[in-house]
Structure formats: structure tokens, C-alpha cells
Amino acid sequence: MLVFILRRLIQSVVVIFLVSILVFIGVFSIGNPADILIPAEASQMERDAAIKSLGLDKPMYEQYFIFLSNAMKGDLGRSFVFNQPTISLITARMPATLELAFCALFLSLVIGIPLGMIAGYKANSLLDRTIMTGSILGFSAPTFWTAILLIMVFAVGLHWLPPSGRGQLGKILGITTSLATWDGIRHLVLPVTSLSLFKISLVTRLTRSGIRETLPMDFVKYARAKGLRKSRIVFVHVFRNVLIPIVTVVGMELGSLIAFGVVTETIYAWPGTGKLLIDSITRLDRPMIVAWLMITVMLFIVINLVVDLSYSLIDPRIRLQRKKS
Amino acid sequence: MMQDQSVLAVEGLRSHFFTRAGVVKAVDGVSLHVARGEILGIAGESGSGKSVTAFSILKLVDPPGRVIAGRVDFGGQDLLSCDEESIRRIRGKRIAMIFQDPMMTLNPLMSIADQMVESIKAHERTTRAAALARCAATLEKVGIPDAARRLLAYPHQFSGGMRQRVAIAIALLHKPDLIIADEPTTALDVTIQGQILHEMRQLCDELGMALIWISHDLAVLGNLCDRINVMYAGRVVEAGRAEDLLERPVHPYTRGLVGSVPGNSRRGQELTQIPGMPPNMLDLPDGCAFRPRCPRSGDECAMEIGVRVLGDGREYRCLHPHLESGK
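The listed protein sequences correspond, in order, to chains A and B.
Numbers 18 to 342, taken from the working numbering, label the letters of the first sequence in order.
Numbers -8 to 318, taken from the working numbering, label the letters of the second sequence in order.
Calculated directly from the structure, the hints in this document are not laboratory data.
Hints are all accurate, no fakes.
Estimated spans, in silico, between C-beta atoms of each pair: (1) A:R25 to B:H147: 21 to 27 Å; (2) A:M269 to B:A139: 38 to 44 Å; (3) B:D274 to A:S226: 29 to 35 Å; (4) A:R146 to B:D303: 57 to 63 Å.
The list that follows gives simulated cross-link-like pairs (lysine to aspartate or glutamate, DMTMM-like), each with its CA atoms no further than 25 Å apart: (5) B:K84 to B:E190; (6) B:K112 to A:D235; (7) B:K16 to A:D235.
No experiment lies behind these values; they were computed from the predicted model shown.
Using N, Cα and C, we set each Cβ at its ideal position, and we do this for glycine too.
Build out the structure end to end from the sequences listed, making use of the hints.
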């Protein structure tokens, strides 16, 4: 097991290194930040001084090596716009993003799995068809559209919930979160709903197909022949087997929830990292973009590792194989 | 057909599958009985309704299949009219089943201990420690050494033969009145098969259990069983004492089956083959379903043919039986 984790970590370092090159080249090809950052009325001397102070006068490979050697020391550069370390800017906003992502994930599991199990067990019934049709809706409606629609209905129309912002924060177990206050929860409802709608549909469909695949298997019939109670068959024998694909997809989706909540965060003016990224792109804040992408890559690597480790919790075949290696 | 000492008596069982292509009469009027300590063999080709018969007895036929008629008398109780909870209490506890493929019947994600203990706890209230001790003892009984340690293992760490022993041990946990084994040795190699047959015979004698052993292999059934029922296209076409039936088959189909077993022919003699293909279950011929493949059939075989009794428990459904003495 230790060998497995170690090997994964070495692989991760290679991946991060390669991605850093790609990101650097990509960001360079978007445009020159000097054109946006320096006011048009500045003199040529002021321009040169600014470019020199930002380090933009050096060739790309040299800038890359400066970035790389700083990154090794844990410094991903200073933002052009805020003139602050990018890492502290991102980490300051990370809790808001994580809060949104985990709430959406929680909702998608808590709603998606039961719906999928009902649909799978009552396949082709009216209930199943209703759930499946609903999930197609959740699947196909684009996030920006549902987000705006939710604001229209619940904030503008009914005045039930606030349309934007994060609301009042509080502390639970030392973590600053909006879940601690009623006002914060009210602010969470709409963005979490619009972000989780797609995931709920995804988890529902995944669970349903997992159930449909597992039910005809011999061990399910055998469990019945042993005289097991239905609840035990459903929640232990069938559910464990359905869990494997769910864990895989949910892991990948968690990464995308954190990294690409951009649209939702923008529409609801949610002060998270997604909004920071969009702002940085429009201002061509190179270090910000690079740092954000690097952190996102690391996030994905960590999540994938956690997913892989949780397989071995669920499936003894994987666990024992790893023990051997 | 019902006998006094019967553990189980099945009468006129019909299980049909309502598929899009039509109705498949998988089991179409099967009657059988098995007594205490007796081993009954059910023989037949694939698709003859052997497994569906077994599943029907425990109400385990899945849609689109359904038991549409019949009576399954088990200790004076009709299993087919039981509600789900009453039949659950019988499954595994008083009638246990062993399935064909030991690879597929054990849940790959659960340890052997968990899968054995849950079978006990489904029917009895005991502590886990007591249940585990019983599991280990039962595993030892079916020839798994070092059982206490092996209990902690997972199905994929066992060989096919060992896995089937585990399944047999699970079936034995509650010392049931009847075990139904559906081709339990088909997936195993011949030496393991021989061992398991021998052990099953011993266990039955020892515990006084009745056993229904389903197989397409007449040689296996001949070695193991007291009586054999031969099934064809959802019906029992011939039934009788094992030795007697294999020695002097009366039904042309049984005769064909017996003739195709290598052990029964002289060296150098070509094995006989039943001509034609197994019937299309969606479109069975009227009367005797074996009619199109039968060398002795005539137009009269298209009529409904009742059960004829020959004495010494021999029964058959045929208008042109091989009643002449000798083979």
C-alpha cells in the first residue's frame, strides 16, 4: 500500500511539471498583459519601467525558470493586479468555493442515490419514468440558465431567498462557513441548487444503471435463496456493488465542482476562486491564472488518489492486490 | 404420486416466461417428490426446465417468469401460496440451495465470514462469536482445513472447488430438511467433482437430509442418486430408481441420453446421438415434445400423453416405450 502511494506521488510530480509547461505556454499565447495593465496615456519610459518590474522583458523560457525555481520554494508568484502573493489570494477564497462544492456534492448524493435506487428497483414503472424524465431535464438544462431562472423565481419573484452574495459567516469547529448562520444558509440555497442539479441527475442515472446491472447477478438471487431479509440484500449486497462506479464518477465530479463552479460563482456573485479566475483572465493577470491552474491540477491529483484509495476500502480484490505489490 | 414420508411433493407445477417473443413454457406440469434422506436426481438438456423447477419451489422465479399453477407441498404447507416473509423463513433455513457457478454466487466484496454469518443471523438470534464458531465447524465438515483463518478470506482467494465447498457449507449451516443443488459440480474439474459427490452422499446419510441434485450428466446422477427424473421441454418424461432407469430406460429420450454416455457402451462402439436439436421452447409441438426427434413416433404422439406407471416407482410419458426386455 505504501509503495502504491509513493509511486502515485512520483507520478504526480511528473504530471505537475508537464502541466506547468503547458500552462505557461498557454497563458503566454493569450496576449500581452502589458497592453491591459499599463494605462494608454503612460509614456514609453513608464511603460518600459513597468514591464521591467513585472519581469515581462525577459524571454519566455527565462520567465518560466524563474517561476519554476520560485514554485519549488512554494511561491507561485505575485498577482499583477493585486500585487499580493497569488497563493494567499487563492487560499483566502478557497473556503467559499469548497463550501459550495461540498454542499452541492452532498446534495447530489443524498438525493441522487435514493432516487436512483427507487428507479432501479421499480424499473419501467411510472415512478421510474418520472424520475428518469426529470433527470434528463437536470442533465440538459445549462447551469447559467437554471441559475438565472432560480434567481428570477425565488429571489425576484417570490422574495424568499437572497439573489446573490455569501451572507453572514460563522464558525463551526473552527471553520468559517455560511452554514453556521441562518442568513448564510439562505444565501447558499440557490447557488447550491443550481450547481447540484446536474450532479443529482448524474448520480441518479448512475445508481439506477448500477442497480439494473447488479440485480440480475447470481449472488443477489443466492442471497435471496439464503433467506436474507430484503433490506440486507438491498443495502449490503447490491449497494456495495453499485458504490464502485459512483465513487469513481463522484471523485471526478468533485474536482470539476471545485474547479469549474465558475459560472455559478459569477452569476451569484459568490466570492470564490472561480470568480477570481474569470476576473484574472479578463485582466490577463498571468501569475494568478498560472497559480490557479497549478492548484487545480494538484487538487485533481489529490482527489484521484483519495478515490483510488477508497476503492480498496470497498473492493477486497483491489485491496489485496495492492498489498502484494 | 404423493407419498407419506415425502419431505417435498411437487404437483402439476407450471412456470411460464412471458417474453416479448411469446410465452416460454419452461416448466409445464412437473410433479416430483423426495423423501427424507433420499437423493433425487433431475436430468435433462439445458433449457429443459430443471433450474426453473428448482427456483419455482422456493418462489425465486424472476420476471418475466411466473409460477402459474401447481402445488409445492413441504411439511403440509403449500410453499407457492406462502407470503414473502413466510417463504423467506424457509429459504436457507429448511430448504437450502446451491447454485451452479460458485464464482458468481458469492458476493465478491464480502468476506466468507460475513456471508456465512449473515445466513445464520437471517434466521436466528446469536452473537457473532457463536455464529463464527459454527461457521468454522461447518467449513471443517465440508473439508476446508484451517477454517477459522479461511473465514477471513474473500471469495476470489478460493479455488472453484473450495468456493463450492463454501456454498455447500452455507447450505448446511441450518441442517435443512432439503438441499436443492443446481448443477453444483458442472463448473468444476472431474476429480474435485468426484470428491464433492462422495462427500454429499455421506453428509446426506449422516444428517438425514433430502437432496435434489440437478445435472445434465447422467453418469454423475447414476453414481449419486436414489431416483432420477428425466426432464424434456418442461416435463418429466421418465422417472424411476436410478440404477433401474439407467439399466432399462423406457422412454426413447432417456434411451438416447443413456446411449450417449461413454461409460455405458462397449469399447470401440460408436456413441449414439439423439438426432435433431433441442426444441424451440417458444414453439413446442403438440403432445410429446420429443416427437420430431423420436425414431418411434407416429401421428398419435401429437395427442396429450398422460403419465403411465410401470411398477417399482417407474413412470413415463410415451406411447411407444421400450418395454421389451434388455437394451
